[in-house]
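**Student:** Take a look at the letters that make up each chain.
2 protein chains.
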Amino acid sequence: MTYCVGLKLNSGLVFMSDTRTNAGVDNISTFRKMFTWEAAGERSVTLMTAGNLATTQAVISLLNERAKPAEDRGNPSIIEAPSMFQVAKLVGETLREVIKTQSGQDGPEAEATFSATMILGGQIKGAPPRLFLIYPEGNFIEASDDTPFFQIGETKYGRPILVRAYDPAMSFEDAVKLLMVSFDSTIKANLSVNLPLDLHVYTADSLHLGTMTRIERDDPYFNTISTGWGDALKDAFNRLPAYSFTT
Amino acid sequence: MTYCVGLKLNSGLVFMSDTRTNAGVDNISTFRKMFTWEAAGERSVTLMTAGNLATTQAVISLLNERAKPAEDRGNPSIIEAPSMFQVAKLVGETLREVIKTQSGQDGPEAEATFSATMILGGQIKGAPPRLFLIYPEGNFIEASDDTPFFQIGETKYGRPILVRAYDPAMSFEDAVKLLMVSFDSTIKANLSVNLPLDLHVYTADSLHLGTMTRIERDDPYFNTISTGWGDALKDAFNRLPAYSFTT
Chain A
172 MTYCVGLKLN SGLVFMSDTR TNAGVDNIST FRKMFTWEAA GERSVTLMTA GNLATTQAVI
232 SLLNERAKPA EDRGNPSIIE APSMFQVAKL VGETLREVIK TQSGQDGPEA EATFSATMIL
292 GGQIKGAPPR LFLIYPEGNF IEASDDTPFF QIGETKYGRP ILVRAYDPAM SFEDAVKLLM
352 VSFDSTIKAN LSVNLPLDLH VYTADSLHLG TMTRIERDDP YFNTISTGWG DALKDAFNRL
412 PAYSFTT
Chain B
172 MTYCVGLKLN SGLVFMSDTR TNAGVDNIST FRKMFTWEAA GERSVTLMTA GNLATTQAVI
232 SLLNERAKPA EDRGNPSIIE APSMFQVAKL VGETLREVIK TQSGQDGPEA EATFSATMIL
292 GGQIKGAPPR LFLIYPEGNF IEASDDTPFF QIGETKYGRP ILVRAYDPAM SFEDAVKLLM
352 VSFDSTIKAN LSVNLPLDLH VYTADSLHLG TMTRIERDDP YFNTISTGWG DALKDAFNRL
412 PAYSFTT
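Protein chains in written order, with our numbering: chain A, 172 to 418; chain B, 172 to 418.
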């Protein structure tokens, strides 16, 4: 399993992904699930992946090959596509192609095995930042004011706090704090999601990659949030009015 | 889907279940998922069900038939079984039998369709209160100090607060408040879980059914908790130390 979240804020985009992959509980590894492309001053693109690791690695490899300059190749690439919509289309088509290839003639059941989902976000000069959720079928949806963030992987445990505390006007600092609380709830509940976490904060209209950090297992701020959140939740719970059996 | 929780406290057992069943999002109904049996002064038994409604209703009907006095029948019944362990065994066997019968010759795939899971709790004179989780295979596990509560159905959204705020020494009032917060998080996230909620609070060693309440859609306390919890969460979040990009 995996947990990745992409938030669309007024001031930019914030991405966080975990790094645990597993094939059974006795076969766990650390793999990066966040990938970035940049044409400084012109575009910044971030992609996060959940699903079959062979699929997602093949997609990234294909996207990277296509991102290299190729005089004799007509394919658009992530750093050439004219809009974020075209980038999403390219990623979706590549994902669909890899899933189809890997599952061969084995039909829908194999496709479920080799499936993957992705969150894509970024900005290309002349247009606002955009955030997409890409499905294994290759199609995609875009974040809007009504649905301003996307989660992939193990989405349920960390969702209630996102729904309650997300605010498009929040600062990057608050957004990182919010993501850490959401990841902490997920990590506490699902063995297949774990630190280290990758973080990318993209500032709107910068057209450069922003702050990129890896939050390691011994990160003091994460540990403060993890213990502090338990106490804060208990406090919040205690401040709610008491139930009475006579009402 | 469904959401049911059974808590084992020092002072007794608390059960809460929702009442929504659905076959698709356009076919929803209200059905009770909590069932009780009592032999006043001798035993109190509560059963909550999640899964295929035809299966769970058949199980309850069979258990009720068997609970009637039957001179010429050797089957033990819920109100005759000598221990909660034997009650759990009886419920598990009945559940397995119904799933097997309904799926006929159609094998494991049909069994998945007709599957159900149950939470059973209660007390029989001479033994402490016990709480069980019964699987569709008919076997079961018992709550212990390490795992003092069980959830069935849509368990993920409401789990983080249970893990953080549950305390075996908590009062019944606090336990009901905790369950309402957990149910509210689930109801907000999953359309297939909804009010009204059924509540049964069993006081240890009473050997009678305890307070049984239905929490309706317009329940003022539930609404207070639902709105208050959003604010309380935001407060708790704001009181956590801020993230700084320079650390």
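What the hints contain is simulated information worked out from the structure, not anything from laboratory work. Where a beta carbon is used, it is the ideal one built from N, C-alpha and C, also for glycine. Where hints are given, some of them may not hold.
[Unchecked claim] Pairwise CB distance ranges (calculated):
no., chain 1, residue 1, chain 2, residue 2, range
1, B, Arg203, A, Lys296, 55 to 65 Å
2, A, Lys296, B, Arg385, 51 to 61 Å
3, B, Pro279, A, Glu387, 27 to 37 Å
4, B, Asp277, A, Met383, 37 to 47 Å
5, B, Asn409, A, Asp389, 23 to 33 Å
6, A, Glu308, B, Glu236, 40 to 50 Å
7, B, Thr417, A, Ala375, 18 to 28 Å
8, A, Lys296, B, Ile312, 52 to 62 Å
9, A, Glu313, B, Thr417, 29 to 39 Å
10, B, Ile312, A, Pro412, 42 to 52 Å
11, B, Asp316, A, Ala210, 30 to 40 Å
[Claimed, not checked] Under the rule of at most 27 Å between Cα atoms (straight-line distance), these lysine-lysine pairs were calculated in the DSSO-like manner:
no., chain 1, residue 1, chain 2, residue 2
12, B, Lys260, B, Lys271
13, A, Lys405, B, Lys405
14, A, Lys359, B, Lys359
**Student:** If you check each hint against the structure, which ones fail?
**Tutor:** Of the numbered hints given earlier, those the structure breaks are 3, 4, 10 and 11, listed in rising order.
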